[in-house]
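Counting in the working numbering, the sequence shown runs from 53 upward without gaps.
Don't read these hints as lab results, they were simulated from the structure.
Keep in mind that a hint or two might mislead.
Taking lysine-lysine pairs in the DSSO-like style, the calculated list, with each CA pair at most 30 Å apart, reads [as the list claims (entries may be wrong)]:
id, residue 1, residue 2
1, Lys236, Lys285
2, Lys236, Lys301
3, Lys324, Lys226
4, Lys281, Lys301
5, Lys324, Lys236
6, Lys163, Lys281
7, Lys324, Lys281
8, Lys226, Lys301
9, Lys416, Lys324
10, Lys301, Lys163
11, Lys236, Lys416
12, Lys281, Lys226
13, Lys226, Lys236
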Amino acid sequence: MSAQTPDRLDPLQPADRAARQLAVVAALAPLLPAHALLYRREDTVPYECDGLTAYRQMPLVVALPEDEAQVAAVLRACHALAVPVVARGAGTGLSGGAMPHALGVTLSLAKFNRILDVDVASRTARVQCGVRNLAISEAAAPFGLYYAPDPSSQIACTIGGNVAENSGGVHCLKYGLTLHNVMKVRGFTADGEAVEFGGDALDAPGLDLLPVVIGSEGMLAVVTEVTVKLLPKPQLARCIMASFDDVRKAGDAVAAIIAAGIIPAGLEMMDKPMTAAVEAFVGAGYDLDAAAILLCESDGTPEEVAEEIERMRAVLDRCGATRLEVSADERQRLTFWSGRKNAFPASGRISPDYMCMDSTIPRKRLADILLAIQDMEQRHGLRCCNVFHAGDGNLHPLILFDANDPDQLHRAEAFGAEILETSVAMGGTITGEHGVGVEKLNSMCVQFSPAELLQMAALKTAFDPAGLLNPGKLIPTLQRCAEYGRMHVKKGLLPFPELERF
């Protein structure tokens with residue numbers, strides 16, 4: 053399994069690349085309608101990146117199959133030609149996981165957008181991979197049901213992409229990530245063989261490979277169909293907006309709520325720069341004088357919600373909240389959440405570009421990482437707005453920069469890498485729900501030992517011996533880690549100096 057940086061993916065001269073493109077088009081043309089095969093530059097430019105726009109790569113060919121038979125046929129043809137394949141959904145990913153391979157086929161699954169079945173009795177929905185996250189809940193709403201994971205991009209992101217990244221959302225603290233809400237995944241291996249993981253029952257025979265596939269970032273199989281769990285819509289939901297004059301008080305309040313045995317439906321945190329950005333964008337009624345605000349939601353029966361809201365208010369008061377406001381009705385609750393849900397577009401209004409990191413830390417270290425990031429802002433000379441899935445310690449610092457300035461891009465990359473390294477040093481991880489993609493390849497060398505990386509590569513090889521599915525991502529080579537290690541051991545940042553041996 054090789055993992056190369058994006059700028060090393062295309063070793064061919066233009067004439068050789070053109071010849072390869074012609075060969076791939078000739079192989080795929082009989083398998084797809086003419087409109088479903090794109091190879092002219094003006095047609096393929098929209099596919100050059102995902103939500104991580106700082107890194108771009110033109111695909112050799114883009115295929116847009118319309119049914120599973122066409123997916124299988126494209127995969128078999130690419131496998132025969134030893135052509136890499138990168139599966140793509142809506143392209144909302146933030147780690148470069150759907151960035152094309154320069155010598156490969158981008159397999160767009162945008163046309164797989166049908167909800168195949170909503171089974172009210174079993175509380176499940178069977179959907180194609182290109183169905184938008186929010187569309188599942190919209191289809192289930194007439195039956196009093198909904199799909200719990202709710203990424204901020206749920207209006208656009210697809211369930212196939214959610215499976216690839218094991219996405220969460222603002223309500224994942226109580227209801228879990230994609231992994232906890234999917235029963236079965238159907239798809240195809242790199243050579244076009246149909247596979248299923250999980251089942252319609254609570255348990256499935258044989259090895260439980262569903263957790264392996266969910267979060268595998270398109271490296272093990274191409275997902276075409278997903279069966280998700282549906283939950284009854286809560287009778288009532290109310291949200292507390294709590295203000296704090298100190299980020300440490302806000303961070304301690306998060307830990308105190310969980311320590312009190314309360315599992316809120318949602319528990320989110322925003323710092324002062326982020327609240328200022330979103331308030332100007334949506335007018336959610338946020339306290340602009342607060343150093344940090346928490347959104348704490350309770351849902352269930354009216355009696356359950358009333359009791360939990362009072363318990364959370366008591367904890368927040370003890371932790372030094374300067375202002376507490378409880379949503380009076382559903383409209384106000386949605387207004388509170390509108391700011392959090394629009395944190396990314398709000399940041400896009402105040403900066404030409406932003407780089408959204410995605411590390412996790414123990415909840416008790418929330419204030420520590422915020423203060424550390426403030427120090428990093430000074431060293432790297434860039435602003436950063438912070439929004440957290442505070443309940444499970446998942447950070448989303450948004451580093452603001454201008455990608456048209458190479459120096460700013462370089463500083464943003466260094467800033468992001470330092471956030472990830474600091475998160476690991478605090479006992480956390482380099483990613484919570486956005487994936488590794490190309491963005492965090494170097495940071496994988498910080499998180500994992502050479503032996504662990506080799507085991508990951510072995511699993512990849514078991515599913516995809518030829519290494520054709522989404523190559524060059526997620527798993528760095530030991531050589532890359534050695535180069536990164538030599539650079540960082542001198543700075544005292546890398547916790548695995550033994551990488552010097554590779």
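Going down the list of hints, with the structure as the test:
no., hint, verdict
1, Lys236 to Lys285, "22 Å, holds"
2, Lys236 to Lys301, "42 Å, violated"
3, Lys324 to Lys226, "26 Å, holds"
4, Lys281 to Lys301, "37 Å, violated"
5, Lys324 to Lys236, "41 Å, violated"
6, Lys163 to Lys281, "23 Å, holds"
7, Lys324 to Lys281, "37 Å, violated"
8, Lys226 to Lys301, "23 Å, holds"
9, Lys416 to Lys324, "20 Å, holds"
10, Lys301 to Lys163, "48 Å, violated"
11, Lys236 to Lys416, "35 Å, violated"
12, Lys281 to Lys226, "15 Å, holds"
13, Lys226 to Lys236, "21 Å, holds"
In summary, the numbered hints that this structure violates are 2, 4, 5, 7, 10, 11.
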